[in-house]
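Student: Chains as they are written, first to last, in the working numbering: chain H, 1055 to 1243; chain C, 1055 to 1243.
Since the hints were made in silico from the structure, they are not lab data.
Idealized CB from N, CA, C, for every residue including glycine.
Hints should not be assumed to be uniformly reliable.
EDC-like cross-link-like pairs, simulated, lysine to aspartate or glutamate; straight-line CA separation at most 16 angstroms [claimed, not checked]:
1. Lys1209/H <-> Asp1088/C
2. Lys1235/C <-> Glu1148/H
3. Lys1119/H <-> Asp1075/H
The following residues of chain H were derived to be distant from chain C, with all beta-carbon distances above 10 angstroms [said to hold, decoys possible]:
4. Ser1062
5. Arg1066
6. Arg1076
7. Arg1091
8. Gly1111
9. Val1131
10. Glu1168
11. Ala1183
12. Asp1193
13. Glu1207
14. Gly1214
15. Asp1226
Now for the letters of each chain:
2 protein chains.
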Amino acid sequence: MPRGWVGSLAKREEWRIAIFDRTVHSLNTAVQHDMSRDFMRRAIALALENVRSASGGPFAAVIVKEDRIIAEGTNRVTRTNDPTAHAEIVAIREACRVLADFQLSGCELYTTCEPCPMCLGAIYWARPARIFYAATAADAAEAGFDDAFIYEELKIAPAGRRIPMTQLLRDDSLAIFSAWKQQENKTPY
Amino acid sequence: MPRGWVGSLAKREEWRIAIFDRTVHSLNTAVQHDMSRDFMRRAIALALENVRSASGGPFAAVIVKEDRIIAEGTNRVTRTNDPTAHAEIVAIREACRVLADFQLSGCELYTTCEPCPMCLGAIYWARPARIFYAATAADAAEAGFDDAFIYEELKIAPAGRRIPMTQLLRDDSLAIFSAWKQQENKTPY
């Protein structure tokens, strides 16, 4: 067989593999995209149900690991007298309980609305891999949930905030961090 | 009695009252100041105990209403597998449970360290009257707890953050806010 044939066959095989790989990648992306939409649709359905049953605010979240929902949360502030019971916090606490871990490594969080500063803080402490959100903070503000005020306050120095913050006994408190540094039996987080 | 005498007596009475008021105010302020220090000392003792008993991170908080501690909290992240179980969040949830309310009106929160963004968000949702803190965020950073990274991320637009945030199905989600607006049986918060 002339050399040209071998080159041509190898080339054709290369193309075949490349086209196959691209098709698999496209299919994976499409499936992934569809699954992401399904998870968000589930979160939207939960939020709608939360409003219609008068159980709490118009927000829900689901947490997914390896393409499976492992935890769901809806806003429970007024129902449970817990100002921290936003959908994301409820879902994060439940997912951590299910995984018996204080980290959400490799998880995705789907929330029906851009997280407020409290929830965004919680997300950074829980460290999921990725966040999907539907409505914007502006959409929420239009419905009467204005987190912008809190975002603004975060930028102001403690003494100048609307809720006054006063420093007290700093020197006494430093003993706590010294004790922490000396404690050998500790779990960093 | 000549008129001058009446004026002079009234004047003297005025001074007496003014001096009395000022003394009471100074005493009140001194007592208040001492009580604030006592509440912070209690928080510091709780945090030290939390570290020494290897129960969690070097942080504690107490919540006071009408000069009485109504709730206490220590960091429980690793012990309870709950990344949201910072001292302030634990104390806020407990105080709300005690008061059977989702607002901490008229309460003071004493925390051994400047709150992280998650806890500061929770404080704004719970709305206590005043915050006292001991150590600064810089003191905490020096001990290995660097909240500055989260504060920085909050300022960045969602798509540019270290944990990627992707918008999905915004239009579908708007039905949730419409349902909320139409729902008459709701508790705003």
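Student: When the hints from earlier in the document are held up against this structure, which numbers fail?
Tutor: Checked against the structure, the hints that fail are numbers 1, 2, 3, 7, 8, 9, 10, 11, 12, 13, 15, while the rest are satisfied.
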